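Chain by chain, the residues:
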Amino acid sequence: MNSSEIKKLIISSLNEDSDPAEVSRKLEEEGVSYDFSKGFNEKVIDRIFSARLTVTREVEFVKSLNFAFYRIALTGVAAIVVLLISIFLMEGSISFNSFLGLSDSYDESIVCLLTGN
Amino acid sequence: MIKESYKAAEESQLVKAALDGDKSAFGEIVTRYQKMVARTVKSMLGDSVFAEDIGQEVFIKLYYSLSEFRGEAKLSTYIQKIAVNLTLNEIKRRKRFFSMFSQKGNNEMYEFEVADHDTAERKEASELVNKALLAMDPKFRVIVMMRMLQGYSTKETAEILDLPVGTVLSRLSRAQEQLKSILEKL
Chain A
371 MNSSEIKKLI ISSLNEDSDP AEVSRKLEEE GVSYDFSKGF NEKVIDRIFS ARLTVTREVE
431 FVKSLNFAFY RIALTGVAAI VVLLISIFLM EGSISFNSFL GLSDSYDESI VCLLTGN
Chain B
129 MIKESYKAAE ESQLVKAALD GDKSAFGEIV TRYQKMVART VKSMLGDSVF AEDIGQEVFI
189 KLYYSLSEFR GEAKLSTYIQ KIAVNLTLNE IKRRKRFFSM FSQKGNNEMY EFEVADHDTA
249 ERKEASELVN KALLAMDPKF RVIVMMRMLQ GYSTKETAEI LDLPVGTVLS RLSRAQEQLK
309 SILEKL
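Those protein sequences? They're chains A and B, same order as listed. Under this note's numbering, residue 487 is the last one in the first sequence; the count climbs by one each step, no gaps. Under this note's numbering, residue 314 is the last one in the second sequence; the count climbs by one each step, no gaps.
These are computed hints drawn from the structure, not numbers from a lab. Keep in mind the model is a prediction, meaning the values are calculated, not measured. Here a beta-carbon is modelled for each residue, glycine too, at the ideal position from N, C-alpha and C. Check the hints yourself; a few may be wrong.
To be verified - So these bits of chain A aren't anywhere near chain B, every CB distance computed over 12 Å:
(1) V429
(2) A448
(3) V451
(4) M460
(5) N467
(6) L470
(7) C482
Said to hold, decoys possible - Derived DMTMM-like pairs (lysine to aspartate or glutamate); straight-line CA-CA distance at most 20 Å:
(8) B:K267 to B:E305
(9) B:K251 to A:E398
(10) A:K408 to B:E305
Unchecked claim - To give a feel for the contact side, a few chain B residues facing chain A, derived at Cβ under 7 Å:
(11) E180
(12) G183
(13) Y191
(14) E252
(15) L256
(16) V257
With the sequences and hints as input, model every part of the structure.
Next up, the structure:
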């Protein structure tokens with residue numbers, strides 16, 4: 371087909387009564403074809419499944435981080451409870467002063483301690 | 129890479145196996161439809177690395193939305209919808225980019241290559257179609273591509289583009305006028 375015939379075919383392909391499947395077949399015969407480069411299939415599969423692997427690894431990392439956080443938090447809470455119990459046993463109460471180790475001190479002695487008078 | 133058993137497998141069987149994470153089944157889907165996607169993407173965007181990237185994106189999007197495919201329409205229609213949407217988005221993105229950073233005209237946003245092994249006549253036909261398509265307004269280009277290269281009927285085109293049949297028909301006639309004036313200059 372020469373270029374004017376191709377032009378006619380292209381324009382007639384948009385006529386309402388034309389057979390679009392026939393036109394596309396004819397154009398393909400004339401060399402109007404498209405394809406992706408070699409290895410396209412493999413590239414797509416690699417992109418999908420390597421991305422899935424990365425996502426899985428990220429999820430696993432977040433899960434381990436959460437687990438580590440809970441372990442650290444529980445250990446901290448346990449340490450605080452042990453501290454409070456030991457303060458209660460030593461001081462007989464859990465007041466703010468006893469928590470700061472000031473339960474035996476009077477205000478005057480603290481002033482004296484700080485000012486030297 | 130692709131299991132022999134999938135070569136003759138039905139679409140529904142391939143979809144089910146791909147949803148179960150079977151690489152070979154999805155590979156067979158890519159093999160079956162990559163030419164169709166290439167026709168959409170490369171005729172609309174030109175033959176470039178970017179078109180290859182968009183082609184890959186089409187199948188990646190398909191993979192992640194395969195669970196939403198209910199099998200009411202053909203798988204090819206579903207893939208075509210994804211391809212058209214991603215391609216039109218890419219055209220919009222390029223238009224924004226070129227209007228901001230470049231003085232280049234609409235036609236220079238695209239590039240295309242013709243296969244070296246083709247004869248002069250076949251090269252000429254391919255060049256003519258590509259030049260004409262890339263010079264068209266994208267909203268007409270997509271209609272022409274669907275009809276002329278993919279061989280879709282007006283009804284199928286309307287379904288894929290989510291447009292009323294009347295709109296497709298009026299765009300077809302306006303696209304024909306635009307195409308005539310472009311081809312006169314080529």
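Hints, one by one, checked against the model:
no.	hint	in the structure
1	V429	holds (16 Å)
2	A448	holds (42 Å)
3	V451	holds (47 Å)
4	M460	holds (61 Å)
5	N467	holds (62 Å)
6	L470	holds (58 Å)
7	C482	holds (74 Å)
8	B:K267 to B:E305	holds (14 Å)
9	B:K251 to A:E398	holds (12 Å)
10	A:K408 to B:E305	violated (37 Å)
11	E180	holds (6 Å)
12	G183	holds (5 Å)
13	Y191	holds (5 Å)
14	E252	holds (6 Å)
15	L256	holds (6 Å)
16	V257	holds (5 Å)
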